Amino acid sequence: MVVQTPNGFNLDDSGKRIVVDPVTRIEGHMRCEVNVDDEGIIRNAVSTGTMWRGLEVILKGRDPRDAWAFTERICGVCTGTHALTSVRAVEDALGITIPDNANSIRNMMQLNLQIHDHVVHFYHLHALDWVNPVNALRADPKATSELQQTVSPSHPLSSPGYFRDVQNRLKQFVESGQLGLFKNGYWDNPAYKLPPEADLMATTHYLEALDLQKEIVKVHTIFGGKNPHPNWLVGGVPCPINVHSTGAVGAINMERLNLVSSIIDKCIEFNKNVYLPDVIAIGGFYKNWLYGGGLSSQACLAYGDIPENPNDFSPEQLYLPRGAIVNGDLSTVHDVDVRDPEQIQEFVDHSWYEYAEKGKGLHPWDGETEAKFELGPNLKGTRTNIKEIDEGAKYSWIKAPRWKGHAMEVGPLARYIVGYANGHEDISDQVNGLLRTMDLPVDALFSTLGRTAARALESEYCGRLQKYFFDKLVTNIKNGDESTANVAKWDPSTWPKEAKGVGMTEAPRGALGHWVKIDSGRIENYQCVVPTTWNGSPRDSQGNIGAFEASLMNTKMERPEEPVEILRTLHSFDPCLACSTHVMSPDGDELTTVKIR
Amino acid sequence: MSDTVLILGIGNVLWADEGFGVRCVEHLARNWELPDNVTLLDGGTQGLYLLPFLEEADVLIVFDAVDYGLTPGTMKIVEGDEVPQFMGAKKMSLHQTGFQDVIATATLMGYCPETLILIGCQPEELEDYGGGLRDVVAAQIEPALHVALTKLAQMGVVAKPGRTHSDLLADASIMHETYEAGRPSEEDACRIGDDRFFPAAE
Chain R
1 MVVQTPNGFN
11 LDDSGKRIVV
21 DPVTRIEGHM
31 RCEVNVDDEG
41 IIRNAVSTGT
51 MWRGLEVILK
61 GRDPRDAWAF
71 TERICGVCTG
81 THALTSVRAV
91 EDALGITIPD
101 NANSIRNMMQ
111 LNLQIHDHVV
121 HFYHLHALDW
131 VNPVNALRAD
141 PKATSELQQT
151 VSPSHPLSSP
161 GYFRDVQNRL
171 KQFVESGQLG
181 LFKNGYWDNP
191 AYKLPPEADL
201 MATTHYLEAL
211 DLQKEIVKVH
221 TIFGGKNPHP
231 NWLVGGVPCP
241 INVHSTGAVG
251 AINMERLNLV
261 SSIIDKCIEF
271 NKNVYLPDVI
281 AIGGFYKNWL
291 YGGGLSSQAC
301 LAYGDIPENP
311 NDFSPEQLYL
321 PRGAIVNGDL
331 STVHDVDVRD
341 PEQIQEFVDH
351 SWYEYAEKGK
361 GLHPWDGETE
371 AKFELGPNLK
381 GTRTNIKEID
391 EGAKYSWIKA
401 PRWKGHAMEV
411 GPLARYIVGY
421 ANGHEDISDQ
431 VNGLLRTMDL
441 PVDALFSTLG
451 RTAARALESE
461 YCGRLQKYFF
471 DKLVTNIKNG
481 DESTANVAKW
491 DPSTWPKEAK
501 GVGMTEAPRG
511 ALGHWVKIDS
521 GRIENYQCVV
531 PTTWNGSPRD
541 SQGNIGAFEA
551 SLMNTKMERP
561 EEPVEILRTL
571 HSFDPCLACS
581 THVMSPDGDE
591 LTTVKIR
Chain H
1001 MSDTVLILGI
1011 GNVLWADEGF
1021 GVRCVEHLAR
1031 NWELPDNVTL
1041 LDGGTQGLYL
1051 LPFLEEADVL
1061 IVFDAVDYGL
1071 TPGTMKIVEG
1081 DEVPQFMGAK
1091 KMSLHQTGFQ
1101 DVIATATLMG
1111 YCPETLILIG
1121 CQPEELEDYG
1131 GGLRDVVAAQ
1141 IEPALHVALT
1151 KLAQMGVVAK
1161 PGRTHSDLLA
1171 DASIMHETYE
1181 AGRPSEEDAC
1191 RIGDDRFFPA
1201 AE
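If you're matching them up, the sequences are chains R and H in order. Counting from 1, position 11 in the first sequence corresponds to residue 11 in the working numbering; the numbering is continuous, with no gaps. Counting from 1, position 65 in the second sequence corresponds to residue 1065 in the working numbering; the numbering is continuous, with no gaps.
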């Protein structure tokens, strides 16, 4: 049966069903099922969050000043972003302002995390959807060196001997039987298009990125006291500044600031010499693979982040843009008010929850998290061993957030489309430059590759912003301002009996919001709407499909039993989970089980 | 010069027995004084963030909740090449795939610690978000520490009763007792898990 959704997709569930079932639950499990037609084209897509995420309820009754430490444990990757969102929500509720230095330091930590996440995502998760490290063993090191010098003349690591060494190291690793990191690929699938030399170049950068990422996170260690799990503080940042004497242990001194400065420079160099040139070079071989746009051409949402000044989140003050685009109308960027109960609402018609009032959408401040696990009549399998989910009924632990009723895409591509549509100078320059270099039209942005490219551009932009806020911090310190925290309202006796607030950030993978209600010094309600909730949302009461589902529609699979294309597109959202794939035959028998990373 | 030892607890403290590894390291820090060449680290569910710590270590001792398919609360110790293999024994954990990758990556980069010891405990309950350790698992913390201390003594690393300061442990608000004491009631906090996460034994 073919059904047209209000947001314009024709769903046909008659073809062979393929199930992609991830396993880890770092931020939330996810499972994906698609139907493909006789030509291997995806005609229906169903995205299921398979894990109960009850962070909201476990925070009830806790001290709001501690919430960041709990939220930091939600996710195995973007710990700091959740913590920042949490302290912003509590500060907003209690009217706590932070000093200028705290704003600069928080921005640097957030930008640093963006770069770290984007680099690690591209090289250590996503690149293997495009790059074949096994094929790299066949490359000619001399030709690889020539390719490297053409692609990025200013990158110093480009000699034939260097690539030969890396190739030998890879060979040893593969021959030792520890294929480990690379063992789950479909390396003979025709979807891989790179010549061996490009594969070797990119795999070499996989190793360079590993070295770099170790350096990048030192910024979190310096400003957050430790990493993993840096420290945060309601009212500022927990690192005192003391540049004029030896001072307290752990205080920020010139030596540490110099280290931060050198790390920022390394990020800028890597983005310029390696990351962006790689995306352009690899993308060049896949210019005809423009699947995966999904909702990006019609509905994008960004909350914005990186405020110029502390305590001012007005859109014109934010470096990462805020706004919403709907109905594919790029000429109008709508303002977004996360407090407005009519704008952001979560629906649970297809989610394993139940609201007191059926069919209604609830703003997160009024959010309810009552679980109701039930399966539809068209389910295949059993409650404990689902073969095929029934998407006509409830089918996900993820709620369906909507902005004024629209399903939205969030993330780097959404941020860049909002920024581009709004005439954001830096973003427009970057996007236009990239399209010119690659000789592609603007429409090419609305694709899996567009998402991947936006992430690389953003990493580059974040590098520059990081330097800007570093300079701002140092100037302030030179002028004698060493304040990093405002503790005037630390004591709960200074708080109103009831308060509510919201914290927003742009996490690497998209718009993140925490809504908190405080009563008598304790958390009364806490709701997180995470980026993967937006992108991975199930259908809503109107039948609109979410961003993951939309992005898979109409993709042609080379070999349906090897879902490289599904992984490419899902990975391009950087959902923070790894996947395991089960490919099912139409009668539900499992054909192959392949673990996907 | 003596070997550099990293004692790492991994797992997610928010998922009941998944917190076993992190709690072991906490208890070790609180009750034993270790020499300067030993680092205690709460690794949470982090992946690549842990690489720099591995790079600096000659000896790695990991505490973790591992599904060996044994009776809950059973401890099992594996060493050397068996470690990564066991960490991926079952696709059950928040982090095991991730940490297996960390070891593989360290190997690829040529700086995996020479000595690997995994002190694992079979969990009883994972599907309890916001919950703490079950009694049978909590009861294994002391024996697990004993195993680690014995291994350390064999390497010439002597621990004395006391405390070890480490900046690399959890924030006070989610330390073992505070975390478990502050839990909301069952009426407030849904305790339903996803039973599909435990597919019937295959």
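Because the hints were derived from the structure by calculation, they are not lab data. Only a predicted model underlies this, so the values are computations on that prediction, with no experimental measurement involved. Please note that the accuracy of each hint is not assured.
As the list claims (entries may be wrong) - The calculated label-pair distances, taken between Cβ atoms and stated as ranges, are:
| id | chain 1 | residue 1 | chain 2 | residue 2 | range |
| --- | --- | --- | --- | --- | --- |
| 1 | R | D519 | H | P1035 | 45 to 55 Å |
| 2 | R | A251 | H | P1161 | 24 to 34 Å |
| 3 | R | E215 | H | N1037 | 38 to 48 Å |
| 4 | R | A393 | H | T1071 | 31 to 41 Å |
| 5 | R | D188 | H | P1072 | 37 to 47 Å |
Note that the Cβ used here is the ideal one computed from N, Cα and C, for glycine as well.
Status of each hint after checking the structure:
| no. | hint | in the structure |
| --- | --- | --- |
| 1 | R:D519 x H:P1035: 45 to 55 Å | holds (48 Å) |
| 2 | R:A251 x H:P1161: 24 to 34 Å | holds (32 Å) |
| 3 | R:E215 x H:N1037: 38 to 48 Å | violated (24 Å) |
| 4 | R:A393 x H:T1071: 31 to 41 Å | holds (38 Å) |
| 5 | R:D188 x H:P1072: 37 to 47 Å | holds (43 Å) |
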